[in-house]
Every structure is written in structure tokens, then in C-alpha cells.
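What follows is the residue order along each chain.
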Amino acid sequence: MSLINPGFGLVIWMTIAFLVVLFVLKKYAWKPIMNALKEREDSIEEALRAADRTKEEMKDMKLDNEKLLREAKDERDAILREARKVKDKIIEEAKAQAGIEASNIVESAKERIENEKKAALTEIKNTIAVYSIEISEKILREELKDKKKQESYIQKLLKETSLN
Amino acid sequence: MSDKSAVIKRLLFLGLLLLFVFFIPSSFFGQHEEEVHLMTGKEHQEVEEEEFKAGEMIIEHITDAYEWHLITVGDHHYSIYLPVILYDEGEWHVFMSSKFHHGHDTYMGYFISKNDMNSGKIVKLDGNGNEIRPTLDISFTKNVLAILMVMILMIVVFISIAKSYEKRKDHAPKGLQSFMEPLILFIRDDVAKASIGEKRYERYVPFLLTIFFFILFNNLLGIVPFFPGGANITGNIGVTGVLAVFVFIITTVSGNKNYWTHIINAPGVPWWLKLPIPLMPIVEIMGLFTKPFVLMVRLFANISAGHIIILGFISLIFIFGKMSLGLGYGVSVVSVGFSIFMNFLELLVAFIQAYVFTLLSALYFGMATEEAHH
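Quick note, the sequences are listed as chains A and B, same order.
182 is the number of the first residue of the first sequence in our numbering; add one for each residue after it.
25 is the number of the first residue of the second sequence in our numbering; add one for each residue after it.
Derived from the structure by calculation, the hints contain no laboratory data.
Source: prediction; values computed, not measured.
Treat the hints with care, since some could be wrong.
Straight-line C-alpha distance at most 25 Å; calculated BS3-like pairs for lysine-lysine [said to hold, decoys possible]: (1) B:K223 x B:K138; (2) A:K291 x A:K270; (3) A:K212 x B:K123; (4) B:K346 x B:K138; (5) B:K198 x B:K187; (6) A:K219 x B:K223; (7) B:K281 x B:K223; (8) A:K208 x B:K193; (9) B:K346 x A:K208; (10) B:K281 x A:K212; (11) A:K254 x A:K240; (12) A:K219 x B:K193; (13) B:K346 x A:K212; (14) A:K207 x B:K148; (15) A:K306 x A:K326; (16) B:K148 x B:K123.
Label pairs and their in silico Cβ distance ranges [said to hold, decoys possible]: (17) A:A232 x B:F250: 51 to 61 Å; (18) B:E190 x A:A232: 39 to 49 Å; (19) A:D245 x B:E226: 57 to 67 Å; (20) B:K191 x A:D245: 30 to 40 Å; (21) A:K207 x B:L312: 47 to 57 Å.
Note that the Cβ used here is the ideal one computed from N, Cα and C, for glycine as well.
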């Protein structure tokens, strides 16, 4: 059958045509297409890798930020704690100081009051003594106005004295 | 998973196709012997010869020709006449195929045979009245013209794509480029890289891409029934043979030590299969040749079968039209319906066969370059 009887001329033409197509396309089509595809794939891959890297960096940065924040918080807490301690200490000291001061003041006040009291008592004693002397003088003067009475009193005194 | 389903689908369609090839056309082949006469003389120029032979018509349509018949209007055939180039008895004869007047005339003793084996080819009569072929017939035939057109089409298409790749570097593909890119990537990644291996596939990519698109373009143009298409190139055993020979040459040339060792002295095979009768080597060496042979026959048979079926359906219209005009119109509805279905199937087959040929070539290259891994 002619269907399975290849024409020799066609085989030759086909061989030539196919070789021409193969070499022309290989040089002017497949090579640039393959290169372009490869280049594009490489650039896409590069971009993806870069994105991954950036993501990783972002993650690191976020971690760093969190760490910083935590540190800052800790530091703030420490400072606050310290401050509170200092405040308490100051208040404590102030209280103690105030107590001492107060007791000092009370002490000195007591001393002064004592002194004043003593001074007042002394004065009162002196005044009382002065008044007593004056009163005794007046009483003696009244008693010893007449000579007879004076004599009798002296006699009495002498009598008492001579007994000793 | 998806590989497996693709293989199953392919097998399914091949099976379906085989079914058509073996069962349906047999009824058409039978008919041309009965010399069915057609009532209307539209198909033939001669008034006295009003017959329609479906088998002859089909063979005429799917084989090569010395002229490209475009259309017949009334009694007049419009054809592109192509140059006939013969070398016979030490002499070159170059003339236009119009000299044969559509195969009715004899020119310088040469005429177009109607004999079975050489039918459609230029022959002459020897002393005993037998038809013999000229020594060399390198005529620029219909298929050669079609190959030339596909060749130009491919060069134009792919060089323009290459240009747009250079122009739009690192950008998304556009237009024709984005239509072809998936196919190119498919051949590169799923055919070449998968079958040959990451390290060596690059050498074979240009060849694989060229045969894939060559077969695909020809298959698709073969489905188109009028001028730029219509030539049955990939359904011509000479053309598929040349492609298969290229595959064979590349496989043989790139075969490494491991490949030849497996053929001559396959490791892991019992010695008595090699000595004293070298059974295994003989089988392996036969395998070297059967592989490209199968490539040749598969493509040729698939494409030709599709064309034969469609032409068969169309022939049915004229066969029944001869019996009764009404029957002819009635059958035409069914025939056209089936032809449309077949055309869709052929569209699918066009892709599948281009893919299968390329994939198997890639597998053979892969086998030839595989490194030993024992």
C-alpha cells in the first residue's frame, strides 16, 4: 500500500527541513528563551530568598524590640522599687529624727520649767522671809514698847540661859 | 498521583482510537471494491466516469501528491502545481506537475500510478509493461511545501517569542509568549528534566522542543481541511521515520558506557542467557531498532487513522447519496456530527501524540545517558 511506502524525495526534503529548523531555532529561539526563563526563575528565586531573609530579620528585630522593652520595663520596675525603698528610708529617718528632736524639746522644756519653778520658789521663800522678818520686827516692837515688859523678858531669857 | 491519571487518560484515548481504527474503517475499505456510483457528477471531471470510490478518495487525501489541490468549481480543478524533480537513467528531469493534468496525462513516459503500491507516485513503464519508479524522485511535493510552511511558521513564531523574552526581561509573559511558555516549560521540566535528569537534560531540550512543536504544528494544521492545512505530514510514514531516525541517532551517539554495557552484557542476568547463545544481547540490540520504529509507526498510525475516520464519515454521505438523495441528506447529519466529534478527538490526539513522541524520545535519551547506580 502506498500509505506505508515512504517517498524517498520527501525523506530527503524532510531531513533537510528538520535540520534547518532545528539549528535555526536552537540558535535564535531556544537559546535566548531558555536563558531568559532561567534568568527569570533565578531572579524570582532570589527575590523569594530575599523576602525570606527580610522576614527572618524582621522576626529578629521584633525579638530584639521585645527584649529591649522587657529590659526597659525591668529597669523601670527596679528604679521604682529603689525609689520606694529610698522614700521609706527617708521617711523612717525623718520620723526617727523628729522623735529625737521632739523628746529633746520636751526635755529642755521640762528643764526650763523646773528651773523656773525653782527660781519662783526661791523668790517666794525670800519674799516670805522678808515678810516674816518685817512682821516679827513689828510684833517685837509692839511687845517691847514699855520698859517693864522689856525687863521681864530679858529676865526670862537670862533665866533660861543660866539653866544651861 | 496526577502522573498516573494522565497515563490512564492517555491509554484510554489510545484504546478508543485503536477501536476506531480496527472496527469502523473496515466497512469503508470494503466499499471501494464495489465501485459505488454517485448520481451527481460533482466529484469528478469526466462525464463518463461518474463513480465514487471511498477507499481511493481517502488514500488520495492522506498521501503525498505532486500538486496541491485547492478546490474544484464545477468541472475545473484549482491546484498549486509543484515542481517534479526526477533523476533517471543518468539524466535530470525537472518540470511542473501541471504536465500530468491531474494525473490524466503521461509526460516524457512518466505518469502518476494508480497501482496499489505506488499509487499517487510518478512511475514509468519498463519493457515488460510493469510500472517502475525512476531512480531518484526528489520532487517538491505537497508535503514538502507543507513542511516548508510549517518550518517558516515555527521559525517566525519562536524567534518572535525569543525577541519578546529579550524585550521583556524578568517580566511576566505576554500574548503569544504566554501561550507558548507553559508548553515550553512543560517540555523542559516535565519531559526533559524528569526523563533525562537534572544534570544532563539541557543538551537535549532544543531537540525535544523542536520535535514537539514540529509534530504539534503539523498535527494541528493536518486537521484544517483547506489550503494552509490539509497536508497529512505527521501521518506520512516518511516524515515520522525521519523524526524517529533523528531520535535513534541521538540516542546512539549519546549512549554512554553504562548503556552499552546493559545492551551487550546486561548485569544481573543469568549467564546462560548470554552464553553460548547470546539471547539477551540479541533482544537488546533488536530493542535499539524497535524503539524508533515504534515511534515512527505510532505517530503515523494515530494521525492517519484520525484522518481516515473523518474522511470515512464524509464518504458515507456520498455513498448513501448514491442510493437515494434523501438518504444522503439524512446520513449527512449523522456523518457531520461524528466528524465534529472526531475532529475534537483529533485535536486532543494532536497534543497527545506530540507529547508522547517527545516524552518517549526523552526517555530514550535518559536511558542512554543514565549513570550506573548499583
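Structure-based check of each hint:
no.	hint	verdict
1	B:K223 x B:K138	violated (53 Å)
2	A:K291 x A:K270	violated (31 Å)
3	A:K212 x B:K123	violated (45 Å)
4	B:K346 x B:K138	holds (24 Å)
5	B:K198 x B:K187	holds (12 Å)
6	A:K219 x B:K223	holds (15 Å)
7	B:K281 x B:K223	holds (17 Å)
8	A:K208 x B:K193	holds (18 Å)
9	B:K346 x A:K208	violated (56 Å)
10	B:K281 x A:K212	violated (29 Å)
11	A:K254 x A:K240	holds (21 Å)
12	A:K219 x B:K193	holds (11 Å)
13	B:K346 x A:K212	violated (57 Å)
14	A:K207 x B:K148	violated (42 Å)
15	A:K306 x A:K326	violated (30 Å)
16	B:K148 x B:K123	holds (15 Å)
17	A:A232 x B:F250: 51 to 61 Å	holds (53 Å)
18	B:E190 x A:A232: 39 to 49 Å	violated (27 Å)
19	A:D245 x B:E226: 57 to 67 Å	violated (45 Å)
20	B:K191 x A:D245: 30 to 40 Å	violated (45 Å)
21	A:K207 x B:L312: 47 to 57 Å	violated (26 Å)
Of the hints listed earlier, those the structure fails to meet are numbers 1, 2, 3, 9, 10, 13, 14, 15, 18, 19, 20 and 21, in rising order.
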